[in-house]
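Given these sequences and hints, build the entire structure.
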Amino acid sequence: MNFDFSDDQQAIKRTAKDLLATRFSPERVRELADAGDPQGDPPGIRPRYDENVWSELGELGWPGIFIDEEHGGQGLGAVELIILMEELGYALAPLPFLSNAAAGLVLQHAGSDEQRERWLPGIASGEARGTVGVGAGGEPPLVPDADSAELIVLLEADSGTVVEASAAEVEPLETIDATRRFDRVRADGGEPLGGDPGPAVDRIATAVAAELVGVSQRAMEMAVEYARERKQFGRPIGSYQAVSHACAQMLLETEGARSTTYWAAWCADAEPETLPLASSMAKAYASDAGWRVNASSLQVHGGIGFTWEHDLHFFLKRAKADGRLYGSAREHRERVAELCGLSRETAAATS
Amino acid sequence: MRRPVDLTLSPSEQAFRDELRAWLEENHPGEEPKGENEAFEFRRTWQRRLHEAGYAGLSWPKEYGGRGATLVEQAIFGEELARAKAPPAANLLGLVMGGPVVIAHGTEEQKQRYLEPILSAEEIWCQGFSEPDSGSDLASLKTRAVRSNGEWVVTGQKVWTTLAHEAKWCMLVARTDQDAPKHQGLTYFLMDMEQDAVQVRPLRQITGEAEFNELFMEEARIPDENVLGGVGNGWPVAITTLMHERAGIGASSAISVKIALGQLVELAKERGVVDDPLVRQRFAQLEIEAEALRLNAWRGLTQVMKTGVPGPEGSLPKLQWAAVNQGLTELAMEIRGDEALLRDSEWTYRFLRARANSIEGGTTEVLKNIVAERVLGLPKLR
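Chains A and B, in that order, are what the protein sequence lines are. If you're matching positions, the first sequence starts at 1 in my numbering and goes up one per residue. If you're matching positions, the second sequence starts at 1 in my numbering and goes up one per residue.
These are calculated hints, taken from the structure and not from any lab test. Any given hint could turn out to be false.
Stated by the list, open to error - Think about it this way: if two alpha-carbon atoms lie no more than 25 Å apart in a straight line, the pair counts; the simulated DSS-like pairs of lysine-lysine are:
1) 380/B x 231/A
2) 34/B x 168/B
3) 85/B x 34/B
4) 168/B x 111/B
5) 320/A x 17/A
6) 111/B x 17/A
7) 317/A x 17/A
8) 306/B x 13/A
9) 306/B x 62/B
Put into structure tokens, the structure is as follows:
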């Protein structure tokens with residue numbers, strides 16, 4: 001029993017953390033968030049991505065970390081992917097990583113041989129990105145980075161369609177998340193996905209949960225640092241229990257999100273029959289925790305936490321958006337209830 | 001195939017689990033009788049059986065009658081007993097706290113004298129720490145021990161003393177130096193409960209019965225050789241006791257909670273509320289929190305095994321367990337409606353009993369203080 005990363009995995013984590021810290025300082029993140037729209041609309045709505053860093057990560061093998069080597073990836077697993085996702089969340093890096101990884105996961109696990117041959121190399125290198133939209137009868141209302149993708153995968157419950165972005169209608173959206181771009185997508189045609197996307201969707205949900213862990217961790221650290229430094233009534237506010245207990249609760253929820261997410265990633269690689277339950281537990285918990293930790297962090301910061309000028313709101317809004325992406329807490333909890341014995345079918349059968 | 005990040009058990013860990021599971025199937029003592037005395041004797045017999053099979057005092061070093069079990073094996077033991085719904089050992093405090101504290105702080109003579117009768121349940125142990133005025137602020141305790149004619153004379157009062165009426169020995173912390181700063185004037189004693197100067201009074205709790213007692217000591221006597229860890233060293237020795245108490249929660253409590261959640265599913269089915277969205281959502285949340293509790297415990301264990309120092313996730317299980325157990329008993333009450341108010345029922349008992357979970361073994365507030373100060377490095381107010 002070893003519920004910890006291996007030395008290699010720890011190295012990936014350390015390297016990712018250090019690299020992202022230098023490439024995405026808080027000032028740089030804000031710069032990209034504000035730079036997005038050249039038309040003079042209010043800044044901080046749709047970010048500009050750092051395409052130089054994206055290329056750099058492509059060369060380092062990040063986008064393809066879980067894609068098999070035959071198709072240009074690193075041949076590693078879900079655990080390595082979520083290690084990167086957590087650090088990307090911690091840095092709040094404006095990059096099309098999640099969307100591209102989502103497409104890669106669907107094709108890796110549910111693409112036909114031809115689809116994989118055709119699309120995975122570009123996803124792995126990052127040179128031809130993909131994204132995934134879910135539901136709404138082929139008109140998903142919230143798709144990350146459809147505007148810069150070459151490939152869009154549209155998913156329903158147990159099937160999917162693979163569409164070239166050039167053949168789809170992509171309508172840019174203005175959301176509250178200033179560090180990620182979203183679009184509404186409408187597409188006719190395209191070709192059916194080779195297999196059942198279920199296992200891929202579970203991995204995507206786990207990846208978002210990991211991003212939420214990083215976002216929560218950062219928000220908590222900001223709150224703790226503020227509570228140590230900020231003095232009122234002659235002492236640091238962190239010495240008051242209302243504040244220190246709020247921070248303790250942030251730790252409890254961040255660690256709970258972390259434990260369930262790491263477990264889900266492990267299940268993906270080593271115990272796939274448990275993945276449906278584990279991924280839904282992780283996504284549900286992390287979705288709530290992400291929001292609650294950020295909201296609590298804002299409260300600890302007091303007035304300054306409510307300003308645009310302070311970095312916290314970027315994390316807060318990413319947490320809210322991630323909470324909805326690829327299944328809300330409520331939807332995932334519904335699945336957990338079903339899988340843990342509150343089965344609607346058997347209830348109907350025995351009544 | 002063993003993978004990095006590995007939640008499977010090693011072959012020897014798996015063998016330990018298999019052996020224990022088989023033994024439990026063969027040796028499970030059945031349902032506990034009602035009636036306090038009968039139940040206690042039942043648990044005593046059960047402990048003797050555990051001891052004969054080498055399962056009492058699992059974590060104790062082999063030279064003192066234990067098995068030198070690893071942390072993982074101890075966690076597995078807790079899980080399997082919970083899974084089998086086996087009763088607790090009669091001398092739980094002796095096994096989990098008394099023995100380890102004697103092993104850590106006792107002289108060779110004390111180890112020879114005290115350890116075996118703990119394992120065999122021949123001598124039952126109780127804990128004399130909390131006082132009416134000293135709960136979370138344990139170091140403020142007032143029971144005093146004065147040296148007189150080559151022995152110690154103890155006067156004072158203790159509260160929340162489990163098993164006092166059955167106990168032979170009391171782990172007693174008393175003040176031996178009135179002038180020293182409060183943490184430094186304490187001494188840890190092993191007090192003989194079988195003397196008239198020690199009076200035990202049952203402490204009736206909100207569920208109606210008395211799991212705990214008050215202890216009144218009016219010039220009770222303790223010989224010199226029953227000082228544990230040296231005069232004036234009571235605080236660090238007491239901390240050892242408390243740490244062992246808290247470390248016990250974790251993997252096994254997660255299993256107990258999962259069993260209770262399974263019973264909640266049956267209840268929901270019986271009452272026809274399986275489709276109720278609020279019930280589904282709350283139930284799912286409890287399942288998730290129970291799983292987070294289990295995983296945090298295992299992650300914490302991995303950290304301790306690697307570094308000897310618990311990581312932040314290790315402080316959290318007791319806090320989480322209290323919240324989950326309270327939440328699930330509350331949900332059960334809601335599902336049962338008005339019937340839940342009737343006294344004589346298992347769920348109603350558990351619902352009331354759960355109120356103590358966030359207080360016993362360290363209050364939620366104190367545990368949050370510890371997390372805030374020692375894990376997050378926030379400044380103390382006091």
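* To do: Output the numbers, in ascending order, of every earlier hint that fails for this structure.
  => 6
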